[in-house]
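*Asks:* Sequence:
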Amino acid sequence: DDKEDEITKAVYNQLRPILENSILMSPEEVLKKWHIAYSWGFPYRFLDDNENMSRRKVIHRMGGRQVFLKKIRQYLESDIAIPSVSHVFLKNEVLKLSKVEIEEKIRSIIAMDPLTYFNGMLVNGYQNKNFDPMNGCAIGMSSAHAIPLLIFEQHRSYKVHLQMDITSMDSTMSYNYMRMLMKIRMLGYANHPQ
1 DDKEDEITKA VYNQLRPILE NSILMSPEEV LKKWHIAYSW GFPYRFLDDN ENMSRRKVIH
61 RMGGRQVFLK KIRQYLESDI AIPSVSHVFL KNEVLKLSKV EIEEKIRSII AMDPLTYFNG
121 MLVNGYQNKN FDPMNGCAIG MSSAHAIPLL IFEQHRSYKV HLQMDITSMD STMSYNYMRM
181 LMKIRMLGYA NHPQ
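Per this note's numbering, the very first residue in the sequence shown carries number 1; after that it's consecutive.
Derived from the structure by calculation, the hints contain no laboratory data.
Hints are supplied without guarantee of correctness; some may be wrong.
[What the hints assert, rightly or not] Simulated restraints, written as ranges between beta carbons of each label pair:
1. T116 <-> Y177: 15 to 23 Å
2. E77 <-> Y177: 28 to 36 Å
3. G63 <-> A10: 28 to 36 Å
4. D5 <-> E28: 32 to 40 Å
5. Q66 <-> M182: 26 to 34 Å
6. K9 <-> V67: 26 to 34 Å
7. E153 <-> R61: 37 to 45 Å
8. E77 <-> D5: 41 to 49 Å
9. N13 <-> H192: 31 to 39 Å
10. L115 <-> H155: 32 to 40 Å
11. N13 <-> I82: 18 to 26 Å
[Unchecked claim] Below, simulated EDC-like cross-link-like pairs (lysine to aspartate or glutamate); rule was C-alpha separation at most 20 Å, straight line:
12. K183 <-> E28
13. K9 <-> E20
14. K32 <-> E153
15. K183 <-> D1
16. K183 <-> E6
17. K183 <-> E4
18. K57 <-> D113
19. K129 <-> E6
20. K70 <-> E28
21. K71 <-> D113
22. K70 <-> D113
23. K70 <-> E20
24. K71 <-> E20
25. K57 <-> E28
26. K71 <-> E29
27. K129 <-> E4
28. K129 <-> D5
29. K183 <-> D5
30. K33 <-> E153
31. K183 <-> E29
Backbone N, C-alpha and C define an ideal beta-carbon position, used for all residues, glycine too.
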């Protein structure tokens, strides 16, 4: 634990300019950035005439954007903790075949429930915006995030390419590393007014 705290503080000190004075994003700002045309998730797959129920439809059924944002704020201000539920499914059961067969896209089989995803954007959105995609440093972000895409874009200009496997970089971290990532990010909120 002492070694873990020492590493956490050292990494945070390196990233202080990026993480220091972090703030929560407003639900309104997150909703603007949220792709509401996307599916609400596998549990809602069969509720709407065998079509994926979009986030837009769920928000509409809740009473619209203002009601949805009010519910999000009520949740944030309460002491209720809804556990995160990720689900695994075969993409060809959920997506249209034309979407599954797009060769340029890598599709994960793990999906996060939308409320956890939305709340994650509230907490991490400000910090994520501060990471420079080209500096190779991003704490607690997926390896499938924008960083590799920009790196691969840069690689197009190279004459020689070497192969690398990044599959083990994502979703395989041990708990102590995940805990350290969480602590590093939380240190950025030390001066947060709430």
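*Asks:* Confirm or reject each hint.
*Replies:* Evaluation of the provided hints:
The supplied range of 15 to 23 Å is met by T116 and Y177, whose beta-carbon atoms lie about 20 Å from each other. As the Cβ distance of E77 to Y177 is approximately 31 Å, the hint placing it in 28 to 36 Å holds. Evaluation of the 28 to 36 Å hint for G63 and A10 yields a failure: the beta carbon distance comes to about 48 Å. Take D5 and E28: their Cβ atoms lie about 36 Å apart, and the range 32 to 40 Å holds.
Hint check: Q66 to M182, Cβ distance near 32 Å, so the stated range 26 to 34 Å holds. Taking the beta carbon of each, K9 and V67 are about 43 Å apart, not inside 26 to 34 Å as hinted. Against the hinted window of 37 to 45 Å, the Cβ-Cβ separation of E153 and R61 comes to about 39 Å, which satisfies the hint. Here the CB-CB span from E77 to D5 is close to 31 Å, at odds with the stated 41 to 49 Å.
Against the hinted window of 31 to 39 Å, the Cβ-Cβ separation of N13 and H192 comes to about 19 Å, which falls outside the hint. Distance hint for L115 and H155: a CB-CB separation of about 37 Å, consistent with the stated range 32 to 40 Å. At roughly 34 Å, the beta-carbon separation of N13 and I82 lies outside the given 18 to 26 Å, and the hint is violated. At most 20 Å may separate the alpha-carbon atoms for a hinted pair to count; K183 and E28 exceed this at roughly 26 Å.
Distance restraint check for K9 and E20: the Cα-Cα separation of roughly 13 Å lies within the 20 Å cut-off, and the hinted pair is therefore satisfied. Taking the CA atoms of K32 and E153, the gap is near 27 Å; set against the 20 Å cutoff, the hint is violated. Using a Cα cut-off of 20 Å, the hinted pair K183 and D1 holds, with the two alpha carbons roughly 12 Å apart. Restraint check: the Cα-Cα separation between K183 and E6 comes to about 11 Å, which is no more than 20 Å; the hinted pair holds.
Proximity of K183 to E4 is assessed by CA-CA distance (about 10 Å); at most 20 Å being required, the pair is judged to hold. Between K57 and D113, the direct Cα distance comes to roughly 16 Å. Compliance with the 20 Å bound is thereby established for this hinted pair. Restraint check for K129 and E6: the C-alpha separation of about 26 Å exceeds 20 Å, so the hint is violated. For the given pair, K70 sits about 10 Å from E28 by alpha-carbon distance, which is consistent with the 20 Å threshold.
Taking the CA atoms of K71 and D113, the gap is near 16 Å; set against the 20 Å cutoff, the hint holds. This hinted pair checks out: K70 and D113 have alpha carbons roughly 19 Å apart, not beyond 20 Å. The hinted pair formed by K70 and E20 fails the criterion: a straight-line CA distance of about 29 Å is larger than 20 Å. With a C-alpha separation of about 29 Å, the suggested pair K71 and E20 falls outside the 20 Å cut-off, and the hint is violated.
Between K57 and E28, the direct Cα distance comes to roughly 18 Å. Compliance with the 20 Å bound is thereby established for this hinted pair. With a C-alpha separation of about 15 Å, the suggested pairing of K71 with E29 holds against the 20 Å cut-off. For the hint linking K129 to E4, the alpha-carbon distance of about 26 Å lies beyond 20 Å, and the restraint is violated. Only pairs whose Cα atoms come within 20 Å are accepted, and K129 paired with D5 is rejected, the gap being roughly 26 Å.
Restraint check: the Cα-Cα separation between K183 and D5 comes to about 9 Å, which is no more than 20 Å; the hinted pair holds. The straight-line distance between the Cα atoms of K33 and E153 is roughly 24 Å, outside the 20 Å bound, and the hint therefore fails. Only pairs whose Cα atoms come within 20 Å are accepted, and K183 paired with E29 is rejected, the gap being roughly 25 Å.
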